[in-house]
Every structure is written in structure tokens, then in C-alpha cells.
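In order, the protein sequence lines correspond to chains A and B.
The numbering of the first sequence is the numbering used here, which starts it at 6 and goes up by one.
The numbering of the second sequence is the numbering used here, which starts it at 6 and goes up by one.
Think of the hints as simulated: they come from the structure by calculation, not from any bench.
Only a predicted model underlies this, so the values are computations on that prediction, with no experimental measurement involved.
Yeah, the Cβ is synthetic: ideal placement off N, Cα and C, and Gly gets one too.
It is possible that some hints are incorrect.
[To be verified] Each computed BS3-like pair below joins lysine-lysine, with the alpha-carbon atoms no more than 30 Å apart:
{"#": "1", "chain 1": "B", "residue 1": "Lys267", "chain 2": "B", "residue 2": "Lys165"}
{"#": "2", "chain 1": "A", "residue 1": "Lys353", "chain 2": "B", "residue 2": "Lys283"}
{"#": "3", "chain 1": "B", "residue 1": "Lys403", "chain 2": "A", "residue 2": "Lys258"}
{"#": "4", "chain 1": "B", "residue 1": "Lys423", "chain 2": "B", "residue 2": "Lys403"}
{"#": "5", "chain 1": "A", "residue 1": "Lys373", "chain 2": "B", "residue 2": "Lys196"}
{"#": "6", "chain 1": "A", "residue 1": "Lys283", "chain 2": "B", "residue 2": "Lys423"}
{"#": "7", "chain 1": "B", "residue 1": "Lys283", "chain 2": "A", "residue 2": "Lys280"}
{"#": "8", "chain 1": "A", "residue 1": "Lys439", "chain 2": "B", "residue 2": "Lys350"}
{"#": "9", "chain 1": "A", "residue 1": "Lys187", "chain 2": "B", "residue 2": "Lys362"}
{"#": "10", "chain 1": "B", "residue 1": "Lys399", "chain 2": "A", "residue 2": "Lys325"}
{"#": "11", "chain 1": "B", "residue 1": "Lys353", "chain 2": "A", "residue 2": "Lys283"}
[Stated by the list, open to error] Where chain A lies over chain B, by a calculated footprint (3+ residues, C-beta under 8 Å):
{"#": "12", "region": "54-60"}
{"#": "13", "region": "194-208"}
{"#": "14", "region": "250-263"}
Protein chains: 2
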Amino acid sequence: MDLNLVLKRIKPSEEEEKEMKDFIEKLIETSKKLSKEIKPIICGSVEKNTWLAKRYELDLFLLFNPNISKKQLEEKGLKIAKNIIKKLKGKYQIAFAEHPYLKGWVGKFQIDIVPCYDIKNPEKIKSAVDRTPHHVRFVKKNLKNPDEVRLLKQFCIANKCYGADVKTLGFSGYLCELLIIKYGSFMNCIKNASKWRAGHIITFGNLSKEDAKRKFKSPLIVIDPVDKNRNVGAAVSVEKFYKFVRACKDFIKNPKEEFFFKKLLKPYPTTKILKIIKRRDTRWYLIVFKRPKIIDDVLYPQMKRCCKAIKKMLTQNDFKILRSDFYCNKKCVLVFEMEIWKIPKISKKIGPDVYSKHAEEFLKHYKKEKVFIEDENWVVEVESKFTEVLEFLKDLFKKSKNSLLEKGIPNKIAPVIKNCKIFHGENVIKFIEKSPDFRVFLREYFEKDLNVV
Amino acid sequence: MDLNLVLKRIKPSEEEEKEMKDFIEKLIETSKKLSKEIKPIICGSVEKNTWLAKRYELDLFLLFNPNISKKQLEEKGLKIAKNIIKKLKGKYQIAFAEHPYLKGWVGKFQIDIVPCYDIKNPEKIKSAVDRTPHHVRFVKKNLKNPDEVRLLKQFCIANKCYGADVKTLGFSGYLCELLIIKYGSFMNCIKNASKWRAGHIITFGNLSKEDAKRKFKSPLIVIDPVDKNRNVGAAVSVEKFYKFVRACKDFIKNPKEEFFFKKLLKPYPTTKILKIIKRRDTRWYLIVFKRPKIIDDVLYPQMKRCCKAIKKMLTQNDFKILRSDFYCNKKCVLVFEMEIWKIPKISKKIGPDVYSKHAEEFLKHYKKEKVFIEDENWVVEVESKFTEVLEFLKDLFKKSKNSLLEKGIPNKIAPVIKNCKIFHGENVIKFIEKSPDFRVFLREYFEKDLNVV
């Protein structure tokens with residue numbers, strides 16, 4: 006296949022480039038006029054020439070002298086930023102990362118305005134954002150072929166691996182740029198990545214991989230060339246890592262333009278899903294509740310923790326989960342596919358070895374129960390509090406918010422999950438029928454395959 | 006309570022003693038007449054004055070000079086033994102332990118005639134039976150109050166702990182004698198034993214307990230005073246050990262004559278059993294087959310191994326056993342009480358950590374399956390071969406004898422278990438109704454309690 010065909014579709018046109026350039030000029034000019042105290046510079050993909058067509062997004066960094074206080078930096082920075090957007094007749098909103106910054110919209114442009122310190126040595130920065138100008142400098146100096154980055158970014162986007170945000174847990178733009186600097190071209194990067202295994206290490210210059218291995222544990226370790234104590238791949242989850250590796254492998258085997266422009270998955274037809282579910286012979290429990298009014302970056306980690314907390318409780322109650330997952334649109338939907346959803350009233354607790362020093366505690370603890378011995382272990386029969394998953398869930402959501410928090414349900418979820426609807430049995434079928442989103446979710450769920458051998 | 010009342014019932018009467026004495030005289034006289042080569046001595050409880058009323062059992066040991074061969078010893082020994090019984094107009098049968106010996110019946114007396122070597126140093130014996138005369142000598146020399154042994158033996162009998170045979174796995178007569186030698190009296194023995202914990206060590210003279218601890222692992226370690234390399238308590242199983250400890254504890258709390266003369270357990274009424282089973286909400290599978298024509302000493306260990314083998318297979322197939330057990334009368338009955346007896350078609354195998362060096366093998370092995378990642382582990386969904394216990398059992402017993410042997414079903418069980426009947430569901434209720442033995446078994450099963458705290 007011809008990668009140039011892809012490039013044609015994703016590279017900004019001359020007209021776009023011109024629009025962008027004009028806008029940047031105006032932005033810098035406005036900034037300089039508004040304050041003598043700062044040095045305004047453009048960061049982000051636009052400055053590095055790796056931006057994608059129709060993505061009118063840019064980062065304006067306001068560099069302050071490091072001798073002002075953080076408080077001053079934040080106050081002055083935000084004030085200048087607001088004035089810039091006002092001057093350009095745009096709209097804005099304050100956003101928060103490690104420090105507050107301004108999100109602005111002017112016409113079709115979206116600008117993040119970030120105040121930071123102008124620090125020469127990137128290993129001595131005061132806040133993560135102070136590092137960004139150094140990244141820009143490094144990329145501009147070392148990246149020979151920005152179009153290759155564009156291909157890699159687009160490949161990541163299509164394969165749902167683009168972005169270091171907590172919802173995606175994938176590859177940042179800077180990470181893509183470093184990979185191209187490392188491997189020289191998109192194709193070479195893909196070829197190499199198709200053989201990656203969790204724990205892969207990439208360094209620049211003559212840094213030791215052994216050091217990196219000792220210092221970081223993550224599926225992809227890319228030592229930041231401007232700061233050897235930072236792993237640029239830190240955000241990449243194991244799942245997204247192997248999703249990317251698998252995509253690379255599949256692309257090499259059968260290179261097609263579709264890998265860059267994946268269409269939205271069509272939902273499975275209900276009949277197909279019912280057939281699959283019948284064959285699996287598992288039981289499904291859906292916990293559906295109103296999406297709390299919080300941004301993805303807060304919602305997704307909380308949903309993940311919520312799912313994990315419920316999973317843990319189900320397991321502790323002797324139920325067995327085949328798989329659990331979740332998705333969010335206007336509603337939040339937790340999905341539990343159960344292998345064991347019904348258990349007898351009696352279950353067995355296996356205690357310590359009869360020769361163990363803990364045997365005595367066990368016998369004391371179950372003084373009122375009948376205990377016996379199995380394979381040299383003390384055992385006791387205990388009554389299960391819940392014999393069906395539904396019973397357990399209903400009881401759980403009856404609890405107070407505080408007691409949900411104690412059980413590991415995160416704070417933004419706890420108040421809304423109390424009013425959830427639980428779908429199970431026949432109701433799951435109804436939910437499947439009426440929810441195309443769930444049918445898309447199930448398609449991904451059933452088709453998921455990360456085998457990279 | 007008055008232990009003398011117990012003693013009155015279990016101690017041989019003067020008349021019995023006289024009968025026994027006369028019989029022994031005749032036995033020794035006959036033996037001496039029949040061979041000049043041997044020294045006939047009486048061993049066993051009769052000689053040690055610890056025998057129980059109405060138990061007309063004795064051991065006649067034929068001591069040979071150690072310079073004859075084992076083969077000669079066996080041949081000559083058996084020949085003399087047969088002649089003794091013939092002379093006394095009794096019946097006999099050859100039996101086997103480490104070496105062949107003769108079981109004889111003369112009137113109401115049952116005599117084991119055992120050929121052995123006359124070896125002065127018990128630590129240099131050629132066969133286990135050579136040690137017995139030394140045991141007798143030790144007990145006669147050290148036991149001050151044989152009646153106390155009688156109480157202990159009777160206590161063990163009533164509590165199903167008496168006998169070192171593989172069916173009982175309990176306390177031998179010699180062990181009871183040593184315990185009384187150690188503790189001086191029945192009551193003192195019981196008081197001490199009520200506080201025993203698995204791994205209890207008893208030594209005589211100035212032998213080190215540390216040595217014993219290093220050398221033996223069993224719930225009750227009693228170093229044989231005639232051979233420090235032997236543990237007289239080796240046969241005692243952990244279950245029987247704690248059954249005994251528990252009985253001692255109960256007796257001290259509430260000493261009653263019943264502890265020595267437990268009545269046969271009455272079977273639970275069917276209605277009571279059904280109530281219990283309904284409450285437990287477990288599923289029962291009974292495997293019933295004809296008892297193979299073998300002695301208890303062979304049958305019971307094989308039944309135990311058989312039960313364990315099936316348990317292992319059920320577990321490997323993802324079923325979950327609450328309890329398993331067996332009993333034998335004319336039939337052999339294996340009992341499996343299941344916690345999980347039905348599973349979905351799909352189950353999950355959790356593979357290695359994604360960072361492990363074994364990850365690659367796992368991915369290769371499941372190359373054709375869809376794999377994914379859960380909590381940093383590779384996982385794969387696999388199809389269960391059996392989704393119900395009954396399916397599994399039916400398939401198992403269809404297999405050839407050889408393949409049953411391979412799966413750990415012992416050799417005497419394999420041919421008969423193939424023709425077993427499996428009771429489950431409603432049929433279990435029918436079996437309960439028609440089998441009082443099973444109702445007795447279930448009574449013990451449900452009442453079992455070894456808590457000794």
C-alpha cells in the first residue's frame with residue numbers, strides 16, 4: 006500500500022498551514038503586547054510540524070522568570086491568558102492539571118494557554134509543564150521527517166491507542182515523535198514494535214538500559230532524552246501496549262489503508278449476541294446508573310476502581326467472575342459476566358495446617374462451629390451471607406454512601422450508584438435489544454484478542 | 006463417676022483368667038513337644054495382663070535362632086504352627102504381614118502364631134515381629150497398674166480410636182500401655198491428652214524430644230523405648246488423634262460411663278436428613294458399587310485413594326467439592342457433596358504475568374484462542390469439557406480399567422467401580438430412605454466436630 010495516500014488525507018493543506026501560521030502570528034503578537042514580563046512560545050504539534058489536518062489545536066506557553074513565586078505565576082499567568090483570549094474575542098474556561106491553565110476557543114482554533122517557568126536545565130524544573138518547551142526544542146532539533154510522525158499518530162488514533170489521558174492510557178504525541186526519532190520512519194517503527202514485549206526499553210544517547218529497567222516498571226519504558234528520570238511511556242497501560250503491538254503485527258501481515266481510518270464498529274445484531282451468550286452459558290449482571298457530572302479524566306479511573314471493588318466483594322462472597330468491564334455514555338454501565346452466580350448456603354473455609362502455630366487461633370475463632378480436618382488442614386463449614394449475586398448487589402446498594410466509600414466505591418460514583426438499575430436474566434436481553442451502545446460494547450468484548458505471537 | 010464400675014465390666018473374671026491360663030499352658034506344652042528348635046512365648050495383652058474380658062485372643066511367638074535363613078524360618082515356623090493347631094483340634098488360615106503367620110481358632114480362643122528371630126538387641130532385629138518380645142518384656146517390667154491400660158483401651162474402643170490397622174488408624178494396644186507407663190494412670194493420661202496438639206512428643210528415659218521432632222512427622226510421636234528409631238504412634242492419623250483428644254476433653258468435662266460403652270449410633274430419620282440437606286442447598290452424588298473381595302486392610306486405603314483421585318479430577322474440571330467421604334458394608338459407597346456441580350461452557354484460565362518469561366509459552370499454547378489481559382496477567386477463555394458433575398462421572402466410568410488406573414483409581418476398585426450406580430438428585434432421597442447405613446453415615450458426617458479448644 007502507498008502511505009502517501011494516507012498522508013494526503015491527514016497532512017494539513019497549504020491553506021490550513023497558512024491559516025495556522027497567521028493565527029499563531031496574531032497570538033504571539035497579542036501576547037507580547039499584553040505583557041512584557043513573559044516570553045510567549047508555541048508548543049505542541051503545530052510548532053513541531055507534526056499536527057494533523059483539521060486539528061486546529063495549539064499550546065501557547067507563557068514563560069516566566071523562575072524568581073517569581075508559584076502563586077504569582079498562576080495568578081499573573083491566568084490573567085494574561087484571559088486577556089489574550091478576550092483580545093482575540095474568544096471564549097475560555099479554566100482547566101486544571103498540576104497547575105491551572107486556560108482553555109480558549111477562538112474561531113476554529115482551540116488554544117491551551119499554559120503559564121510556566123523558563124528553566125534552562127530540564128532536570129531542574131519546578132513543575133512538569135516547565136519541561137514542555139525542552140521537548141519542543143529536542144524534537145525540532147532531532148526530528149528529520151515529521152510526516153512519519155503524522156502517520157504514526159493517525160495509526161494510533163485509528164487503533165484507539167492515541168492519548169496519554171487516563172481514559173485512553175495510550176501513546177502521547179511526544180511519545181510518537183520520540184519513536185520516529187528512534188526508528189527513523191513509520192514503517193521501521195511498526196516493524197520493530199510488532200515484536201515488542203511488555204517491559205520494552207528505549208533510550209537515547211548512551212543511557213544504560215539496565216538503569217532504566219531498575220528504575221521503571223511499565224510495559225513501555227522510553228527514557229525522556231531531556232530528563233533521564235522520566236519515562237515518557239509511563240501512561241501506556243499493558244492492554245494498550247499490546248493492542249498497539251497487535252495492530253502493528255496485523256498491519257505488517259496485511260497493510261491496508263483501513264488501519265489508519267477504522268470505521269466505527271457496527272453493533273452486533275441482538276440475535277447474534279443471544280446465540281453467543283447462550284453458548285457461553287454464563288449469567289450477566291449490568292449495573293446501570295446516571296453518569297455523574299465529571300470529566301472523563303476523573304470518571305474513567307473511578308469507574309475502573311469501582312469495577313475492581315465490586316469484583317473483589319463478589320469474589321470474597323464466593324461468587325466467580327468470568328469477566329468484568331464497563332463503559333460510559335450518558336449512562337455508566339458496569340458489566341459482570343458470572344461463572345458462578347449461585348452458591349449453596351454452606352461453604353467451606355480451609356484453615357491452617359494442623360501443625361501450624363496459627364491452628365489455635367483458628368480453633369478459637371470457630372469455637373462455636375463444627376470443625377474437622379481435611380488433608381491435614383483444619384476446615385470449617387460456614388454459612389454464606391448471600392447465595393445469589395443479585396441478593397448481594399441489592400444489599401450493597403442499600404448501604405449508606407459512607408459505607409460504600411469504605412468498601413472502595415469511589416466518591417463520585419458512590420452517590421449515583423445507589424440509584425442504579427440492575428439488569429439480570431431476561432432484563433439483560435431487553436437491555437441488549439434497546440441499547441446499540443451495549444451491542445457495540447459486546448462486539449468489542451467478544452472480539453477482543455491481544456495474542457501477539 | 007467410679008472407674009471401678011467400668012473395670013468390673015471389662016476386666017476378665019477369675020474364671021476367664023483360669024480358662025486363659027489353662028489354655029496357655031496347653032499351648033506352650035504342645036509347642037514344646039512339637040519342636041525342640043523353637044522357644045514358644047506368649048506375647049500380646051494376655052501376657053502383659055492388659056487383656057479385656059471376653060477377648061480370648063492371644064499371640065504365640067515361636068522364637069528361632071537367628072542363624073537360620075528367613076526362608077527356613079518361614080517354612081519351619083508355619084509347619085510347626087499348623088501342627089500346633091492341628092494337635093489342639095483347631096482351624097487355621099495363613100495370613101500375611103511383613104511375613105506370613107498363622108491365624109488359628111481353637112474353641113473360643115483365637116491365636117496368632119508368629120515365627121520370629123530371638124534377637125537380644127531390639128535395635129538389631131531382622132523383621133518388625135522380632136521386636137514384639139522386647140515390647141512384652143518392657144511392659145511387664147515397667148507397667149505398675151495394668152487395669153489402667155484396660156480402661157484406656159476400652160475408652161479408645163468406644164471412641165473408635167482403638168487399633169493401628171489401616172481401617173482405624175488409631176491407637177495400638179502397645180501404645181496404650183506406653184501411655185499408662187508414662188502417665189501412671191488412666192485419669193492422668195486423659196487429663197494430659199485433652200491438651201495435646203498435633204505433633205505431640207513422648208519419650209522415655211533421657212531421649213531428646215528435639216531429635217524426635219526432627220526425625221518424625223506425625224500427630225503423635227511416641228518413641229519406642231526398645232528402639233529409638235521407631236515411632237509407636239506412627240499409625241495414628243490426624244483425625245483419630247484429634248478424635249481422641251476431643252473425647253478426652255469431653256470426658257473430663259462430663260465424666261460418664263457412656264464414654265466407655267458407646268451405643269451404636271441410631272440412623273437419623275429421613276425427614277431430618279432431608280431438612281438438613283435442603284438447608285445446606287448442596288448437591289449430592291453417591292457412587293455405589295459391589296465391595297471387592299478383599300480384606301479391610303486393603304480395601305480401606307484403596308477407597309481412600311479412590312476418593313482422593315475422583316476429588317482431584319472433579320476439582321481439575323472446575324467443580325467444587327464441599328466434602329467427600331466413603332463407607333463400606335456389602336457395598337462400597339463414595340459420597341461427594343458438591344458446592345459447585347454445574348458450570349458454564351466457558352471458563353477462564355489465568356496465565357502468567359505479562360512480564361514473566363513464561364508469557365511467551367502461554368501465548369504460543371493459546372495461539373488459536375482469544376487471549377486478553379487482566380490485572381497484568383495473560384488470560385484465556387477455554388471451553389469446559391464437562392459442565393455437570395454427572396456428565397463427568399458417567400464419562401469416567403466408561404473408561405477402560407487401564408485408563409482408570411492411570412487416573413489414580415486403585416487396582417482392586419477399578420474393575421468394580423466401572424459397574425457402579427450413580428445416585429444423584431431425587432435418587433439420593435430414595436437411597437437415603439432405603440439405606441439405614443447411609444443414614445448412620447450421614448449422622449456421623451453431620452455431627453462430626455473435632456474442635457478441641
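We went through each hint and held it up to the structure:
Our distance criterion of 30 Å between C-alpha atoms is met by Lys267 (chain B) and Lys165 (chain B), whose separation comes to about 9 Å. Restraint check: the Cα-Cα separation between Lys353 (chain A) and Lys283 (chain B) comes to about 17 Å, which is no more than 30 Å; the hinted pair holds. At most 30 Å may separate the alpha-carbon atoms for a hinted pair to count; Lys403 (chain B) and Lys258 (chain A) exceed this at roughly 47 Å. With a C-alpha separation of about 7 Å, the suggested pairing of Lys423 (chain B) with Lys403 (chain B) holds against the 30 Å cut-off.
The straight-line distance between the Cα atoms of Lys373 (chain A) and Lys196 (chain B) is roughly 22 Å, inside the 30 Å bound, and the hint therefore holds. With a C-alpha separation of about 34 Å, the suggested pair Lys283 (chain A) and Lys423 (chain B) falls outside the 30 Å cut-off, and the hint is violated. For the given pair, Lys283 (chain B) sits about 34 Å from Lys280 (chain A) by alpha-carbon distance, which is inconsistent with the 30 Å threshold. Distance check on the hinted pair: Lys439 (chain A) and Lys350 (chain B) sit about 27 Å apart at the alpha-carbon level, within 30 Å; holds.
Of the supplied pair hints, the one linking Lys187 (chain A) and Lys362 (chain B) holds, its CA atoms being roughly 26 Å apart against a limit of 30 Å. A distance of roughly 26 Å separates the Cα atoms of Lys399 (chain B) and Lys325 (chain A); the hinted pair therefore holds under the 30 Å criterion. Annotation: proposed proximity of Lys353 (chain B) to Lys283 (chain A) holds, straight-line Cα distance about 17 Å (limit 30 Å). As drawn, the region 54-60 of chain B meets chain A at 0 residues by the rule of a beta-carbon pair under 8 Å; below three, the given contact is violated.
Judged by the Cβ-Cβ criterion of 8 Å, the region 194-208 of chain B is covered by chain A as claimed, because 3 of its residues qualify and three suffice. Three residues within the 8 Å Cβ limit are the bar, and the region 250-263 of chain B against chain A gives 0, so the coverage statement is violated.
The structure is inconsistent with the numbered hints 3, 6, 7, 12, 14, although it conforms to all the rest.
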